[in-house]
Amino acid sequence: KQEVTQIPAALSVPEGENLVLNCSFTDSAIYNLQWFRQDPGKGLTSLLLIQSSQREQTSGRLNASLDKSSGRSTLYIAASQPGDSATYLCAGNAGGTSYGKLTFGQGTILTVHP
Amino acid sequence: KAGVTQTPRYLIKTRGQQVTLSCSPISGHRSVSWYQQTPGQGLQFLFEYFSETQRNKGNFPGRFSGRQFSNSRSEMNVSTLELGDSALYLCASSSQSFLNEKLFFGSGTQLSVL
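Residue numbers (the numbering used here), protein chains in the order written: chain A, 587 to 700; chain B, -3 to 110.
Hints listed in this document are in silico derivations from the structure and should not be mistaken for laboratory results. Since the model is a prediction, treat every value here as computed from it, not as a measurement. From the three backbone atoms N, C-alpha and C, an ideal C-beta is built for every residue, glycine too. Be aware that one or more of the hints could be misleading.
Claimed, not checked - Some chain B residues close to chain A (C-beta under 7 Å, calculated; not the full set):
1) Phe41
2) Arg51
3) Asn52
4) Phe56
5) Lys98
Can you build the whole structure from these sequences, using the hints too?
Structure below.
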């Protein structure tokens, strides 16, 4: 059974810092991995999807990498801003017939203070 | 393009009642997945529908059921509500003609069972 762990559980940084969020999974047979952000009381916003044949994805100030052999993914946020404050979740799909099924970590609560 | 729409936004029910939640996917998306989010268990997969057929199911009791209509709109039903069913219910859509696609989430329905 796939289990996803996110470290740290919470992070508070001053504006402008570069930061790294970590995600690890127990089953290296992960097909793809997606990073989301969630604002309080809201749904999830997809940030980056690392597809099965990829190792990295970038969008603006965000960069995510996936190392299946070590069971780890990282989300790098450059030059953090107060608007980046949210919960960040990683989620993996096992492939095969796992349509629509993502296994989520518990999230990292990020606070960026001015 | 309109996003994923979930109705209602909030629901209050009492134990033993049943409830129906609705999800309209992004236009053109044929796959709808449902998730339950609670503070203790995080996000857990309920089921996924594609072209009116359930393709995947999580580990929830039979009180949780769903369906999808020919226009891809989906409903989920929970019968004989229990206090532990209080949660944010999220649906997500994608075209899911293959697995390497992002899931797009709605804002959720917050269900409170009293």
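So, going through the hints one by one against the coordinates:
Because the smallest distance between the Cβ of Phe41 (chain B) and any Cβ of chain A comes to about 5 Å, under 7 Å, the interface hint for this residue holds. Checking Arg51 (chain B) against chain A: minimum C-beta separation of about 5 Å stays under 7 Å; hint holds. For Asn52 (chain B), the suggested interface contact is upheld, since its CB lies about 5 Å from the closest CB of chain A, less than 7 Å. The closest approach between the C-beta of Phe56 (chain B) and any C-beta of chain A is roughly 12 Å, which is over the 7 Å cut-off, so the hint fails.
For Lys98 (chain B), the interface hint holds, the least distance from its beta-carbon to any beta-carbon of chain A being 5 Å, beneath 7 Å.
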